[in-house]
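Make the full structure from the sequences, and use the hints.
In the UniProt record's numbering, the protein residues as written are 1 to 764.
Each hint should be verified, as a subset may be incorrect.
[As the list claims (entries may be wrong)] Straight line, CA to CA, 25 Å or less: simulated SDA-like cross-link-like pairs of lysine to any residue: (1) K679 <-> L733; (2) K463 <-> Q426; (3) K300 <-> R330; (4) K583 <-> E731; (5) K679 <-> H707.
I should point out that these hints are in silico values taken from the structure, not numbers from a laboratory. Predicted model, so just to flag it, every value in this text is computed and none were measured.
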Amino acid sequence: PAASGPGPAMRLAAVLAALRPALPLLLGLSLGCSLSLLRASWSHGGAEEPCGAVAGRNGAPEAVGGEPGPGREEFRPRIVPYYRDPSKTHKKVLRTRYIQTELGFHERLFVAVLTSRATLNTLAVAVNKTVAHHFPRLLYFTGLRSAKLPPGMALVAHGDERPTWLMYETMRYIHQHFGPDYDWFYIMQDDTYAQAEQVRTLVTHLSINQDVYLGRAEEFIAGDEQARYCHGGFGYLLSRSLLLKLRPHLDSCRNEILSVRPDEWLGRCIIDFLGITCVSQLQGQHYRTYELAKNTEPEKEEEEEFQAALTVHPVSDVTLMYRLHKRFSRIQLDRAYQEIQDLQMQIRNLTSLTPAGEAGLTWPVGINAPFLPKSRFEVISWDYFTEQHLFSCPDGSPKCELSGASKADVGEIIESALEQLNSRYQPLLRFSKRQLLNGYRRFDPTRGMEYTLDLLLEAVTQKGHSHILAKRVSLVRPLSKVEIIPMPYVTEATRVQLVLPLTVQDLDFVANFLDMFAMNALDTHDNALLTLLLIYHPYDAQRVSQVDVFAGVKAMVGELEKRYAEVKIPWISVKTEVPSQVKLMDIVSKKHPVDTLFFLASVWTEVNMEFLNRCRMNAISNWQVFFPVHFQEFNPALVYRGEQTASSSTDFLRDGHFDRHSFAEACFYNSDYMTARTKLAADILDRDEVLESMEVFDVFLHYSGLHLFRAVEPGLVQKYALRSCNPRLSEELYHRCVLSNLEGLASRSHLAMALFEQEQANST
1 PAASGPGPAM
11 RLAAVLAALR
21 PALPLLLGLS
31 LGCSLSLLRA
41 SWSHGGAEEP
51 CGAVAGRNGA
61 PEAVGGEPGP
71 GREEFRPRIV
81 PYYRDPSKTH
91 KKVLRTRYIQ
101 TELGFHERLF
111 VAVLTSRATL
121 NTLAVAVNKT
131 VAHHFPRLLY
141 FTGLRSAKLP
151 PGMALVAHGD
161 ERPTWLMYET
171 MRYIHQHFGP
181 DYDWFYIMQD
191 DTYAQAEQVR
201 TLVTHLSINQ
211 DVYLGRAEEF
221 IAGDEQARYC
231 HGGFGYLLSR
241 SLLLKLRPHL
251 DSCRNEILSV
261 RPDEWLGRCI
271 IDFLGITCVS
281 QLQGQHYRTY
291 ELAKNTEPEK
301 EEEEEFQAAL
311 TVHPVSDVTL
321 MYRLHKRFSR
331 IQLDRAYQEI
341 QDLQMQIRNL
351 TSLTPAGEAG
361 LTWPVGINAP
371 FLPKSRFEVI
381 SWDYFTEQHL
391 FSCPDGSPKC
401 ELSGASKADV
411 GEIIESALEQ
421 LNSRYQPLLR
431 FSKRQLLNGY
441 RRFDPTRGME
451 YTLDLLLEAV
461 TQKGHSHILA
471 KRVSLVRPLS
481 KVEIIPMPYV
491 TEATRVQLVL
501 PLTVQDLDFV
511 ANFLDMFAMN
521 ALDTHDNALL
531 TLLLIYHPYD
541 AQRVSQVDVF
551 AGVKAMVGEL
561 EKRYAEVKIP
571 WISVKTEVPS
581 QVKLMDIVSK
591 KHPVDTLFFL
601 ASVWTEVNME
611 FLNRCRMNAI
621 SNWQVFFPVH
631 FQEFNPALVY
641 RGEQTASSST
651 DFLRDGHFDR
661 HSFAEACFYN
671 SDYMTARTKL
681 AADILDRDEV
691 LESMEVFDVF
701 LHYSGLHLFR
711 AVEPGLVQKY
721 ALRSCNPRLS
731 EELYHRCVLS
741 NLEGLASRSH
751 LAMALFEQEQ
761 ANST
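Given below as structure tokens:
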């Protein structure tokens, strides 16, 4: 019989089995082509009139099918070359003083306090002492000012005591002077106590995109039941948008609305012209208030409404204002302590779930762990103290009396230790201090100040039995929240007047100083001038007509003035045996304007633009003086011993040290020096010999209330030189000069190597 081949069904199954791996690819290609065809038909529509053209930047149609349209080239980035028309005068672009002004940022909160002549020196002062340090800007408004104005308060007097007129003038003044600069405006009376921190927290939770009139809503007398005004006694909050909309209608409100109460007048003005009523709740935030009854004892108020209040009214006298402040401060403090305890409990519960387990729990809970040194050079040493003495003194002496802030710190720590012990063991035991046996403290930059105390205590039981025991306690004063200290505005465009005192011993270094000054200040056209103080010994001053010891210096100055025609370098000749820094500055100060910024330099200083700019930024008139700690290079003969010079070293800061014994360099304003010098003159009377034992640093330290900024300055580098110490100066100044020379020789390792090599050479 003839053999039969495979049937059609079998052949179809074989084909499908061969194509099965390619089916997903085929389906994807088919689906993609279908969608492309559909999109093309939707985009082009009919063939006669294209519907897919889109408008370009200038409104001209632009093709979508790849054809270039009239506006297509405008969407391509182009580099526009800078071209300056030589026929037009070039105008310098003036930048704003602060970057937030250029970016359009606003301050958060402005506070206005309405007061009167009768309460300006009483209630207004109490308000200022309780809330002023919490608000960034606080201004007081009154009709008539009293004869004696309280210090430290910004006051605006409108000249009329009528309450409604005072409100009108206040709103107009706020809009004119502060409207564009602040987001929120809080208005209160001087008989209102406000929790400043709560008010600041409230505005941080509100959106500025809405017209806000927030306060304690009150009904008008015989008025619309739906309309409300904000009671002025409890304060109210206005948004910037509402204030800007209200300003054009203030004059109409003044002429058309009659009201005895200023808060009702303002509320009616806002409702009639803006259609906005006062609310006590907005965006999930509640404006809680508390009305104080007569003869109320704030210390005994335990109501939840009182403790949650943002403002309390009316406050009848100053004493009540301070009592309210004390009570609310205690409430806030208790809440903070309770929150800390809750957080510590959560940390304890979660620590067991961490890989480290209970061993990873630090003490105190929630505070950073102590710093772990990686080498013996990073170990933080402990300072030993008793109740009378400190055994680690700032001047380097082994023992000094415990006084001032250190004594107050030790006393507070001992008191806190007793308080913690009694709170833990009472009522079973009550502890009292007999004596501090040993005290240790150290500052850990990762967590704060640490203390270890060995206390001799007397423990008394409930039955009256007493027992003497010694107990060791450990305490930590943690670092609190870092705050930015507001500083006055300064600029790098201020002219710096360099003052260089020169003696005969400094002649070898003058040429290098003048070369560096010419290269870094004159060649760069830096706004800096130089004045030389030529200090003659009486013997040299008598022979100046025959032999002038500073003739070479004067010749070098003349060469500089020829090279730079617009520069004049004056010099002042002084005759003295004891070149006191204060006496020399007295002479220079009288020859310059009061707004002069001085840089008191030494002949070893290498002037550079980087440091001059820091001098301008760190010296602030009537605020701060700057005493940089220059970097002193070691003696190259001891450090390198012919192997490598300081100039070729890649890390020159390792070849020297910061000379903390030198106070020769200083940046300060002439007005600040004159003010401190006047106080010094009144203190010493005619005893000029006292000036020989003082430096300019001592004048500012003891006779000015300015900030003394003393910091290391890596931009102020001095080459090694053996200073000549004048024995006619005071013992302290002479001792500091000698120490500066000794510590500037070399490091301990370099000195040890030099001694070792010398001993090796002597032995051979």
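Violating hint indices (sorted, rising): none
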